Amino acid sequence: MHLNGQELELLRIIETNSRIETADLAKMTDLSEEDIQATLQKLEDMRIIVRYATLINWAKVDEYHGVTAMIDVKVTPKRGVGFDEVAQRIYRFKEVESVYLMSGAYDLSVIIEGRSMNEVAQFVSDKLSTLDSVISTTTHFILKKYKHDGTIFEPTEKDKRIVVSP
Amino acid sequence: MIKTSYISKTVQELKPSGIRKFFDLAANMEGVVSLGVGEPDFVTSWSAREAAINSLEMGHTSYTANAGMLELREEIAHYMKSRFHVSYDPEEEIIVTVGASQGIDIALRTILNPGEEIIVVEPCFVAYAPIVTMAGGVPVTVQALPENDFKIKAEQIEELITPKTKALFICSPNNPTGTQLGKSDLEAIAEVVIKHDLLVISDEIYAELVYDEGYTSFAAIDGILERTILLNGFSKAFAMTGWRLGFVCAPKEISQAMLKVHQYAIMCAPTMAQYAALEALQHGMSDVEDMRSSYRRRRNYIVKSFNEIGLDCHKPGGAFYAFPSIRKTGLSSQEFAERLLLEEKVAVVPGDVFGESGEGHIRCSYASSMEQLQEAIKRISRFMERFN
Chain D
1 MHLNGQELEL LRIIETNSRI ETADLAKMTD LSEEDIQATL QKLEDMRIIV
51 RYATLINWAK VDEYHGVTAM IDVKVTPKRG VGFDEVAQRI YRFKEVESVY
101 LMSGAYDLSV IIEGRSMNEV AQFVSDKLST LDSVISTTTH FILKKYKHDG
151 TIFEPTEKDK RIVVSP
Chain L
1 MIKTSYISKT VQELKPSGIR KFFDLAANME GVVSLGVGEP DFVTSWSARE
51 AAINSLEMGH TSYTANAGML ELREEIAHYM KSRFHVSYDP EEEIIVTVGA
101 SQGIDIALRT ILNPGEEIIV VEPCFVAYAP IVTMAGGVPV TVQALPENDF
151 KIKAEQIEEL ITPKTKALFI CSPNNPTGTQ LGKSDLEAIA EVVIKHDLLV
201 ISDEIYAELV YDEGYTSFAA IDGILERTIL LNGFSKAFAM TGWRLGFVCA
251 PKEISQAMLK VHQYAIMCAP TMAQYAALEA LQHGMSDVED MRSSYRRRRN
301 YIVKSFNEIG LDCHKPGGAF YAFPSIRKTG LSSQEFAERL LLEEKVAVVP
351 GDVFGESGEG HIRCSYASSM EQLQEAIKRI SRFMERFN
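Chains as they are written, first to last, in the UniProt record's numbering: chain D, 1 to 166; chain L, 1 to 388.
Rather than coming from a laboratory, the hints here were simulated on the basis of the structure.
Remember, it's a predicted structure, so these values are computed and weren't measured experimentally.
Beta carbons: idealized from backbone N, C-alpha and C, even for Gly.
Keep in mind that the hints are not guaranteed to be accurate.
[As the list claims (entries may be wrong)] Only part of the chain D face toward chain L is listed, based on derived beta-carbon distances under 8 Å:
(1) L11
(2) M28
(3) V164
[Unchecked claim] If you anchor each label on the Cβ, the simulated ranges turn out as follows:
(4) G242/L x E34/D: 53 to 59 Å
(5) G182/L x N17/D: 53 to 59 Å
(6) H148/D x E74/L: 24 to 30 Å
(7) K378/L x V67/D: 18 to 24 Å
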């Protein structure tokens with residue numbers, strides 16, 4: 001789908017901050033608020049804007065005990081549907097966060113979140129590796145997230161510039 | 001006993017920068033939102049920082065050639081040619097300097113005989129006129145006017161030309177007004193410059209930061225390159241202010257004369273900074289593009305917001321400054337800036353420190369995060385209500 005410059009600009013702005021107010025978006029892009037709303041609506045209808053998400057650093061929350069695993073999955077593609085069918089069988093599990101088709105040593109990269117390593121292990125052995133097309137799985141647990149979707153989790157450094165300069 | 005006479009008359013008579021007062025006032029306050037900063041809010045790209053670190057690890061800690069590493073000058077020549085359509089010989093016509101500021105210094109010291117005049121277009125960066133004076137010249141200021149959106153007119157320049165006039169000193173996009181001179185503006189000025197056989201010192205440090213139309217370098221105007229000293233650098237476009245790295249381009253005869261001043265004054269620009277700059281030129285143009293987009297959004301935001309809250313503001317084509325008029329309030333620039341700082345804790349720079357036609361305006365840098373800009377607009381809006 002071809003987008004015009006204003007639509008692209010809008011996407012670039014809200015990609016990192018979807019909570020920015022329509023009035024401010026209008027000022028930043030030199031469009032009217034009505035135009036902004038109409039454009040957002042159009043992009044949502046086209047499912048180019050899929051969801052407005054929040055990036056949360058769960059590692060800072062004591063109550064959170066989840067673990068995340070990245071699983072390299074080798075599969076046998078099927079005639080006519082290629083990898084899409086097995087990908088669909090995998091992404092329909094609610095435990096599965098993300099599924100990507102990859103180039104290289106394996107075929108699908110599957111990201112799973114569970115409450116414990118045990119839970120993830122159980123999912124892999126019971127659900128994933130038992131699928132017909134799956135040849136092998138390699139599970140990697142994430143130990144620490146430093147940066148996610150372009151955002152560094154460590155607190156950003158304070159503005160060190162002198163307050164008034166020529 | 002320290003006597004005043006220890007200090008040269010020239011330096012005694014230099015006025016301290018008007019910015020200093022606001023710095024002292026704002027630096028000691030808590031919770032200030034500053035629109036007073038004349039540098040990018042981005043940190044230098046990691047790839048450039050990493051290149052400097054690597055240069056240290058490799059032990060590149062000695063002097064470079066006086067004019068800077070040839071590899072860097074070649075890259076600068078290529079950049080100037082591909083980006084701004086001006087050709088300079090990297091061997092003889094480019095000098096890497098300690099910020100564009102040092103470029104200004106060697107340019108003026110190279111061309112000025114005592115008493116010769118430099119026409120300085122104001123409002124402008126606070127250092128131009130003092131450096132002219134320190135180089136033994138006489139700054140003759142000419143005011144770009146608010147009714148022309150701060151574009152200087154060729155006839156205004158021509159009126160001030162005397163037999164002593166040596167050069168025109170100009171900056172586009174401009175600090176503090178953000179005004180960008182287009183090709184036709186420059187051509188009109190070029191005609192006067194050629195007619196009166198003047199040199200041009202063109203400060204193009206903000207050349208990469210233009211938002212609506214392409215950039216025209218003064219040196220790209222017909223017949224001007226051979227009489228132009230072009231200043232540029234890495235501070236603004238590549239967010240490298242603290243590295244102190246700029247460059248100056250000029251025809252061979254002028255460049256080689258400037259190189260004499262440069263080598264006696266400073267030897268060469270810092271080596272590790274030159275490595276960072278080389279990396280920035282080779283692989284950093286997409287960073288420049290990202291920063292430009294970000295500034296463009298913030299410019300649109302702040303200019304619209306100022307006009308909405310009753311501060312008339314022309315839409316500047318470049319740099320990262322808005323220069324709204326505060327005349328409606330009946331206050332002077334100094335009074336406005338001081339009260340705004342004390343009453344609402346927003347730091348701006350009064351326009352008159354950049355030249356007399358800046359009176360009635362304030363310089364607001366939008367090189368700050370959107371959150372900071374939003375907060376500043378909120379506070380300034382509250383402040384403006386007092387004048388309704």
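Tested hints:
no.: 1; hint: L11; result: 12 Å, violated
no.: 2; hint: M28; result: 4 Å, holds
no.: 3; hint: V164; result: 4 Å, holds
no.: 4; hint: G242/L x E34/D: 53 to 59 Å; result: 44 Å, violated
no.: 5; hint: G182/L x N17/D: 53 to 59 Å; result: 34 Å, violated
no.: 6; hint: H148/D x E74/L: 24 to 30 Å; result: 40 Å, violated
no.: 7; hint: K378/L x V67/D: 18 to 24 Å; result: 43 Å, violated
Violated hints for the displayed structure, listed by number in ascending order: 1, 4, 5, 6, 7.
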